[in-house]
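Residues per chain, in single letters:
There are 2 protein chains.
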Amino acid sequence: MAEFTLHCFAESGNSYKVALLLTLCGGDWKPERVAFFGGETRTADYRKVNVMGEAPVLRHHRPDGDFILSQSGAILIYLSRRFGRFGHETEAEEFEILRWILFDNHKLTGNTASERFMRFFRKKVGDPAAEFIYARAKDSWRILDAHLSDRDWVAAPRPTVADISLCGYLFWPDQIDVNWNDYPAIARWLDRIRNLPGWAPPEALMPSGL
Amino acid sequence: MAEFTLHCFAESGNSYKVALLLTLCGGDWKPERVAFFGGETRTADYRKVNVMGEAPVLRHHRPDGDFILSQSGAILIYLSRRFGRFGHETEAEEFEILRWILFDNHKLTGNTASERFMRFFRKKVGDPAAEFIYARAKDSWRILDAHLSDRDWVAAPRPTVADISLCGYLFWPDQIDVNWNDYPAIARWLDRIRNLPGWAPPEALMPSGL
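Those sequence lines, one after another, are chains A and B. The numbering of the first sequence is the numbering used here, which starts it at 161 and goes up by one. The numbering of the second sequence is the numbering used here, which starts it at 161 and goes up by one.
Please note that the accuracy of each hint is not assured.
No more than 25 Å apart at the CA atoms, straight line, and that leaves these computed lysine-lysine pairs for PhoX-like [stated by the list, open to error]: (1) A:Lys-208 x B:Lys-298; (2) B:Lys-298 x B:Lys-284; (3) B:Lys-283 x A:Lys-298; (4) A:Lys-283 x B:Lys-298; (5) B:Lys-283 x B:Lys-298; (6) A:Lys-298 x B:Lys-190.
Some residues of chain A that are not near chain B, with every Cβ distance over 12 Å (derived) [unchecked claim]: (7) Ala-162; (8) His-221; (9) Glu-256; (10) Ser-309; (11) Pro-319; (12) Ala-347; (13) Arg-352.
Calculated from the structure, these hints are not laboratory results. Backbone N, C-alpha and C define an ideal beta-carbon position, used for all residues, glycine too.
Whenever a hint applies, use it, and build me the whole structure from the sequences.
Right under this line is the structure:
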């Protein structure tokens, strides 16, 4: 049995964040498909494992028993500590990483993922709620672009789990309706992430939930 | 000078989370009013302090210089460690707290605060985007209510910063259009929080941003 099982699906950028970190760290892990589009996360069985009804869920098969964790941001911090990679070196970096992971969840991924779901998967183009969320997603991209205008990585002089969290949905520009040329600092930063040894796109790491 | 300055305003539930923790811990702090409704968080000066353009911002006046931190979830964890209160005792609790703070930011506060802003402050009742976000807020309240149905506190057998984060907007039932009798486990949990020694409502702790 692999050391880590990740309940995930390829269309989930939140799942991708964890799959990418496990891959970059050379972790011993295997994906377990969540049939998201068939409604699996809304079933009573799934809610028993994760009351929040979301993917991903990590199972770390430890000698003292399975450790189960949801929320990509929490999982990223847990794994960065386990692997001793992509984490902080100082207290200031620790909280800089944490605040960007929170901004990602609250604003950037929060709006980008909702906007993509409505636009790309539900085809609600022109829907007032979809347009409202799209405008908020663009706000969050502008904030990230401004932040990256004079630095290479989000929270430290090297890549951390803050970068891995924030990029989760950004390698699908057509699906989220963005041209990264309009956000040049984000474009350069995504290239830097793509060039990390071992980088792979979501579809290469996880099975489809469709 | 107080040990902590909190840039905040009374209408901000995210500011309230930090103000409440500082108060429950008996911290030496003072609020510094953010003129949110006058647009202060959108100014260049404010963005220099916090590129995310949000309140609250904590300034901890330390002997080694001011430590500045934004994002209520990061501030709560920072302060719980400083005070040795409302934090974790085990690694499992540490990550349970973190995943609920992330859920709060991503879903519960994320949607509740947006819904309140549109409904109560912008009077956009019936607006499709407001109704969409209201439905999502209700989803997150149902998840929290289910989680609290068989426990007193969110992430440990005692109150933690996860509780303090999640309750940030929930003492304004009229403003978010909810009757907590419909969510009985949340109602009982809010009573437990109200009974913590030193508890006070937002308006008693911070100046208005109006």
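Quiz prompt | Which numbered hints fail | solution = 6, 9, 10
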